[in-house]
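The chain contents come next:
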Amino acid sequence: MLSADKTEAVIENLPITSEMTDMENRVTTQEGTIIRIKSVTMERNE
Amino acid sequence: MKVKGAWKKVDVATIVLLLVFVAQLAFLFYICLFHTRDLVDYDSSGAYVHIREVLRQKSLFPSTYLPATTMDVDSTVGLAAILYGLTGRIFLSQGLCNIFIVLCYTFVIFEICKRLKANLFTTLLICIMFFIPYSRGMLGYWSMLFVNVAPNTVRDLTPIFYMSVLLDLHDKDYSVKTKIKLVIALGLILITTISTGIYVFAFGLLALMAMDFILTVFSGDIKNFLSSVWGFHLAACISFVTGMIIQKHLGFVSAAADRTLISTSEAPNNFMRWFMGIFELFGGVAGANVSAFEPIGLEVLCKCVLTWFYLGSVVFFICSWIKEKEVPKHVSYGLMVCLVDGFVLNVLVTTYGAGTFEFRYHIIPMFFVMIMAGTLAGRVGEITNHLLKNVLLSGGIALLVAAIGFSEVGVMREINENHDSELLFEVNRILVDNQISTAVVYGEGSVIRGRQLRAFADHTNIIVANDEWNVAPTVWGGVTYALDNADQSGRCALITNVADFEKIPEYYMSEAEPYSTVGDLGIFFYEESPFDFERALNGKKKLIDFPYSGYTLGNAKLQENGDALSDGTFGYPISGLNYQGVDGTWTYTLKYVIEKESPGNKGNSSFEVISNGEIWTK
Numbered sequence: 004m005l006s007a008d009k010t011e012a013v014i015e016n017l018p019i020t021s022e023m024t025d026m027e028n029r030v031t032t033q034e035g036t037i038i039r040i041k042s043v044t045m046e047r048n049e
Numbered sequence: 035m036k037v038k039g040a041w042k043k044v045d046v047a048t049i050v051l052l053l054v055f056v057a058q059l060a061f062l063f064y065i066c067l068f069h070t071r072d073l074v075d076y077d078s079s080g081a082y083v084h085i086r087e088v089l090r091q092k093s094l095f096p097s098t099y100l101p102a103t104t105m106d107v108d109s110t111v112g113l114a115a116i117l118y119g120l121t122g123r124i125f126l127s128q129g130l131c132n133i134f135i136v137l138c139y140t141f142v143i144f145e146i147c148k149r150l151k152a153n154l155f156t157t158l159l160i161c162i163m164f165f166i167p168y169s170r171g172m173l174g175y176w177s178m179l180f181v182n183v184a185p186n187t188v189r190d191l192t193p194i195f196y197m198s199v200l201l202d203l204h205d206k207d208y209s210v211k212t213k214i215k216l217v218i219a220l221g222l223i224l225i226t227t228i229s230t231g232i233y234v235f236a237f238g239l240l241a242l243m244a245m246d247f248i249l250t251v252f253s254g255d256i257k258n259f260l261s262s263v264w265g266f267h268l269a270a271c272i273s274f275v276t277g278m279i280i281q282k283h284l285g286f287v288s289a290a291a292d293r294t295l296i297s298t299s300e301a302p303n304n305f306m307r308w309f310m311g312i313f314e315l316f317g318g319v320a321g322a323n324v325s326a327f328e329p330i331g332l333e334v335l336c337k338c339v340l341t342w343f344y345l346g347s348v349v350f351f352i353c354s355w356i357k358e359k360e361v362p363k364h365v366s367y368g369l370m371v372c373l374v375d376g377f378v379l380n381v382l383v384t385t386y387g388a389g390t391f392e393f394r395y396h397i398i399p400m401f402f403v404m405i406m407a408g409t410l411a412g413r414v415g416e417i418t419n420h421l422l423k424n425v426l427l428s429g430g431i432a433l434l435v436a437a438i439g440f441s442e443v444g445v446m447r448e449i450n451e452n453h454d455s456e457l458l459f460e461v462n463r464i465l466v467d468n469q470i471s472t473a474v475v476y477g478e479g480s481v482i483r484g485r486q487l488r489a490f491a492d493h494t495n496i497i498v499a500n501d502e503w504n505v506a507p508t509v510w511g512g513v514t515y516a517l518d519n520a521d522q523s524g525r526c527a528l529i530t531n532v533a534d535f536e537k538i539p540e541y542y543m544s545e546a547e548p549y550s551t552v553g554d555l556g557i558f559f560y561e562e563s564p565f566d567f568e569r570a571l572n573g574k575k576k577l578i579d580f581p582y583s584g585y586t587l588g589n590a591k592l593q594e595n596g597d598a599l600s601d602g603t604f605g606y607p608i609s610g611l612n613y614q615g616v617d618g619t620w621t622y623t624l625k626y627v628i629e630k631e632s633p634g635n636k637g638n639s640s641f642e643v644i645s646n647g648e649i650w651t652k
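Protein chains in written order, with the numbering used here: chain L, 4 to 49; chain B, 35 to 652.
By construction, these hints were calculated from the structure, which means they are not laboratory data.
Treat the numbers as computed from the prediction; the structure is a model and nothing was measured.
Virtual Cβ for every residue (Gly too), placed ideally from N, Cα, C.
One thing to keep in mind: the hints can contain errors.
Unchecked claim - One side of the interface only, derived from the structure: several residues of chain B facing chain L at Cβ under 10 Å:
(1) K575
(2) L577
(3) I578
(4) N612
(5) P633
(6) V643
Kindly generate the complete structure, drawing on both the sequences and the hints.
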């Protein structure tokens, strides 16, 4: 969950394969929450 | 020994031709050494990117370079990369390569003429014909072969070099030199096939083989198929097939492989364009509103007469063949090349999107035609009527000198009127002085200069984007490694035509610092790049996307600085991209700031990665 105390949300070690299609990433907000979205970084682990 | 009066004239004519040829070479070398940078254009800029990538990766097939219509390895790119590595000067390196190519052509012409037992007059005449700056501009004869990056020069040289080896073998010359030439010819066939597919084979070699087939069949002796000539043809076929297999293995499909047949309704129009294409190639037809008595008009007239002479020589030799049942071997080869190429260009659609006939496809047959025309003109020495001979010699040489003179004046006029290279040199100096690692050139009006800038930029990644921020002008004959924001570390610049300034979104301008203008180009600097031209996963290790990188904005609005700010309702401020996965374990990081949170929904907002119903949440 996104926290007002933090500025980064990290999803680690996603096991992604080339068979996966229609991939998307999104942010969901609830009523009364105002969020400023800056960027999404995707990095492949070594 | 006394020399007869008539031959004295021929000797004088030979000396005059020698002087003309030396002057012609001097001018050509001068252009190659001192004006190569002034000739950079939309297409050739890609070759300079290619040279840098070859040097950087130490491979003729650098993985970072995306070729355009051919793989461009049958050019001087490898040699230019070596010279660039030694000198650090890319235009000088390319210019030196062009000089080397001119010397190669001269060698091949001398070799052919030696087999034809042609005198020096004829040999010089053919050399001079080859090096005239006929049509200029990006796809013109001169740019394709001897100046700028001369992209067609190796592939167009291959058929006449092949013929040179064939003439050696027909003369049963099996010397070391012939063997070396034979190996080089097979190497050229291999590399041109890898690069351009069937082009050289279909437009040159096939006709030469067909002519030998006809001659062998008509000889009536099947043993003639066991000659060294047919051994060479067989080796050439093996080299061609090997090249096609390698090209397929590399996964590249050249433009020559994608051809359809001419429709009935298009055939007459195509025939006219094919015919006029010969005049276009030789610069023998004018553009709109050219006065016949201005230097440009006189240049066109001279070249028009030359073109008619070249075509007339073909007609002469056809008549000669019909009448005498025999012509010199090089003439029979040349006529067959013209026949096959004429057939191919009249049954296949060889135009690109604009529907313009690609007159550079005439270069291979016209090389053979110029050799035929040169040998025909060389026969002037056999004319016994001295007055007629002297008139023809004087007139012919005057025509050549006029065509060369007007053309070279035209070359210098075009160079002096083109100030783009000075402007781009200055822009590059600014980028280097300010340690800019990535520069984005934006706007339809700057696309050509943006691509040209790639040739000048030794230390900066240049990204060229059209009005819609599409970077096709960067990657068509270019590289992709700086397109994602993650690859654009360090200082960044935006270069745009003043007229395009209003079209730039606020999120690209909010952090921009105006630096200066050069000509009509405005230059802005950024401490960090805001630009991103790639979305979601691809083969790269790290990628960064922004809300403006292609996301769908739901209950959010894009802010001036590029952030997406939600409106306080339930929903998806950013979603989508719809991409395919790339094998590996990946870490996704969302950067955000919660500006207001409802006590009842505290901690209920989330960041999700979704694939076919599977959801990973944070």
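Structure-based check of all given hints:
Hint status for K575 of chain B: holds, given a least beta-carbon distance of 5 Å to chain L, under 10 Å. Hint status for L577 of chain B: holds, given a least beta-carbon distance of 5 Å to chain L, under 10 Å. Given hint, I578 of chain B at the interface with chain L, holds; its Cβ is 5 Å from that chain's nearest Cβ, closer than 10 Å. For N612 of chain B, the suggested interface contact is upheld, since its CB lies about 6 Å from the closest CB of chain L, less than 10 Å.
The closest approach between the C-beta of P633 of chain B and any C-beta of chain L is roughly 8 Å, which is under the 10 Å cut-off, so the hint is satisfied. Checking V643 of chain B against chain L by beta carbon gives a least distance of about 5 Å; that is within 10 Å, so the hint holds.
Violation of the numbered hints given earlier is absent; every hint is satisfied by the structure.
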